[in-house]
Amino acid sequence: MRGAVLYAPGDVRVEDRPDPVIVEPTDAVIRLSATCVCGSDLWPYRGVEKLDGAAPMGHEYVGVVEEVGGQVTTIRPGQFVVGSFWASDNTCEICRAGYQSGCVHRVLMGSIGTQSELARIPLADGTLVATPGMPDADLVPSLLAASDVLGTGWFGAVAAAAGPGKTVVVVGDGAVGLCGILAAGQLGAERVIAMSRHAPRQELARRFGATDIVTERGDEGVARIKELTGGLGAHSVIEAVGTQESMTQAIRSTRPGGHVGFVGVSHDVALQGDELFFSLVHLHGGPAPVRQYLPELIGLICDRKIDPGQVFDLTLPLDQAAEGYRAMDERRAIKALLLP
Numbered sequence: 016m017r018g019a020v021l022y023a024p025g026d027v028r029v030e031d032r033p034d035p036v037i038v039e040p041t042d043a044v045i046r047l048s049a050t051c052v053c054g055s056d057l058w059p060y061r062g063v064e065k066l067d068g069a070a071p072m073g074h075e076y077v078g079v080v081e082e083v084g085g086q087v088t089t090i091r092p093g094q095f096v097v098g099s100f101w102a103s104d105n106t107c108e109i110c111r112a113g114y115q116s117g118c119v120h121r122v123l124m125g126s127i128g129t130q131s132e133l134a135r136i137p138l139a140d141g142t143l144v145a146t147p148g149m150p151d152a153d154l155v156p157s158l159l160a161a162s163d164v165l166g167t168g169w170f171g172a173v174a175a176a177a178g179p180g181k182t183v184v185v186v187g188d189g190a191v192g193l194c195g196i197l198a199a200g201q202l203g204a205e206r207v208i209a210m211s212r213h214a215p216r217q218e219l220a221r222r223f224g225a226t227d228i229v230t231e232r233g234d235e236g237v238a239r240i241k242e243l244t245g246g247l248g249a250h251s252v253i254e255a256v257g258t259q260e261s262m263t264q265a266i267r268s269t270r271p272g273g274h275v276g277f278v279g280v281s282h283d284v285a286l287q288g289d290e291l292f293f294s295l296v297h298l299h300g301g302p303a304p305v306r307q308y309l310p311e312l313i314g315l316i317c318d319r320k321i322d323p324g325q326v327f328d329l330t331l332p333l334d335q336a337a338e339g340y341r342a343m344d345e346r347r348a349i350k351a352l353l354l355p
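All residue numbers for the sequence shown refer to our numbering, where the first residue is 16 and numbers rise by one.
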């Protein structure tokens, strides 16, 4: 099969890789209908995360089941499925509590690589969710978004306690932040403030339900949020970047007693204990338990109540994955969809 491999910063190649096979009786093999480049893929692409040799890339995926192991009971060949970027058994005590990304048997799909024509999915019964029949082609991008960015944005909104009567601020205008805006609206937020400097992303933010746009960053951004919230700060803030500046901005934009949902993959973020202590904010986040939300998200998408696939503003054949990485790195694209 063809698959994307990162050899060094800036060096993505699509090449022949071995076809996946059933390794464990709980595995499935799927033929991908679509995959994509994630913002978190840019960390190793830029050299921020160091490589230990050539690495298969990708952790977002939808497709049709081709084969299942002997112990798989809930998924069968021919079904269209969506899976999380963490494989999980969905039965351990952590999974049952709703935190499948912390499953005691979890497997990071990025270690397998799903920017490819085929993929082995570990723990298939717990990881994959079948759609109600074969979806229409125009729904595939939105179902792909559910595999990571929509589920991650949704978790960010839940962790930030977004809901009726709340003012929600979203720090970060990438695909996750934009999906956090959509999620906050779906959860009933009264006001959603998007922090963005980029006109195309501002436009999509408004389509997803943002009521206000703030272009300032850092201390100026915090001051603007305070100005918009009567000097108090927001009830809920979604941090969707993962840098020191974004986390500091998120905490300082939150009112005492408010909630920060942090879902940006953190890089060199350190919190001042005294500032955190006196801020009186709740902090919750981490790698999103996307599997918890998949049934609900698939239902909303298939019922055409939400259209998160709009975050894909560049579609390329899989063989042009390198261009997808370049476009996202240069901020010429929000998110690149790859068609195997």
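It is worth saying that the hints were derived from the structure and are not from the lab. This structure is a prediction, so every number in the text was calculated from the model and none was measured. Heads up, the beta-carbon is just placed ideally off N, CA and C, and yes, glycines get one too. You may find that some hints are simply not true.
Pair by pair, the computed Cβ-Cβ distance ranges are [claimed, not checked]:
| hint | residue 1 | residue 2 | range |
| --- | --- | --- | --- |
| 1 | Asp153 | Ala238 | 36 to 44 Å |
| 2 | His297 | Glu30 | 21 to 29 Å |
| 3 | Val119 | Asp334 | 48 to 56 Å |
| 4 | Gly233 | Pro147 | 26 to 34 Å |
| 5 | Pro40 | Lys241 | 55 to 63 Å |
| 6 | Gly117 | Gly178 | 40 to 48 Å |
| 7 | Arg17 | Pro92 | 18 to 26 Å |
Quick list of in silico lysine to aspartate or glutamate cross-link-like pairs, EDC-like style, CA-CA up to 20 Å [unchecked claim]:
| hint | residue 1 | residue 2 |
| --- | --- | --- |
| 8 | Lys320 | Asp151 |
| 9 | Lys65 | Glu290 |
| 10 | Lys320 | Glu205 |
| 11 | Lys65 | Asp34 |
| 12 | Lys65 | Glu81 |
| 13 | Lys241 | Glu311 |
| 14 | Lys320 | Glu108 |
| 15 | Lys65 | Glu231 |
| 16 | Lys241 | Asp283 |
| 17 | Lys241 | Glu218 |
| 18 | Lys241 | Glu260 |
Hint by hint, here is what the structure shows:
| no. | hint | verdict |
| --- | --- | --- |
| 1 | Asp153 / Ala238: 36 to 44 Å | holds, 42 Å |
| 2 | His297 / Glu30: 21 to 29 Å | violated, 46 Å |
| 3 | Val119 / Asp334: 48 to 56 Å | violated, 38 Å |
| 4 | Gly233 / Pro147: 26 to 34 Å | violated, 46 Å |
| 5 | Pro40 / Lys241: 55 to 63 Å | holds, 56 Å |
| 6 | Gly117 / Gly178: 40 to 48 Å | violated, 24 Å |
| 7 | Arg17 / Pro92: 18 to 26 Å | holds, 22 Å |
| 8 | Lys320 / Asp151 | holds, 15 Å |
| 9 | Lys65 / Glu290 | violated, 31 Å |
| 10 | Lys320 / Glu205 | holds, 19 Å |
| 11 | Lys65 / Asp34 | violated, 27 Å |
| 12 | Lys65 / Glu81 | violated, 34 Å |
| 13 | Lys241 / Glu311 | violated, 34 Å |
| 14 | Lys320 / Glu108 | violated, 32 Å |
| 15 | Lys65 / Glu231 | violated, 32 Å |
| 16 | Lys241 / Asp283 | violated, 26 Å |
| 17 | Lys241 / Glu218 | violated, 23 Å |
| 18 | Lys241 / Glu260 | holds, 17 Å |
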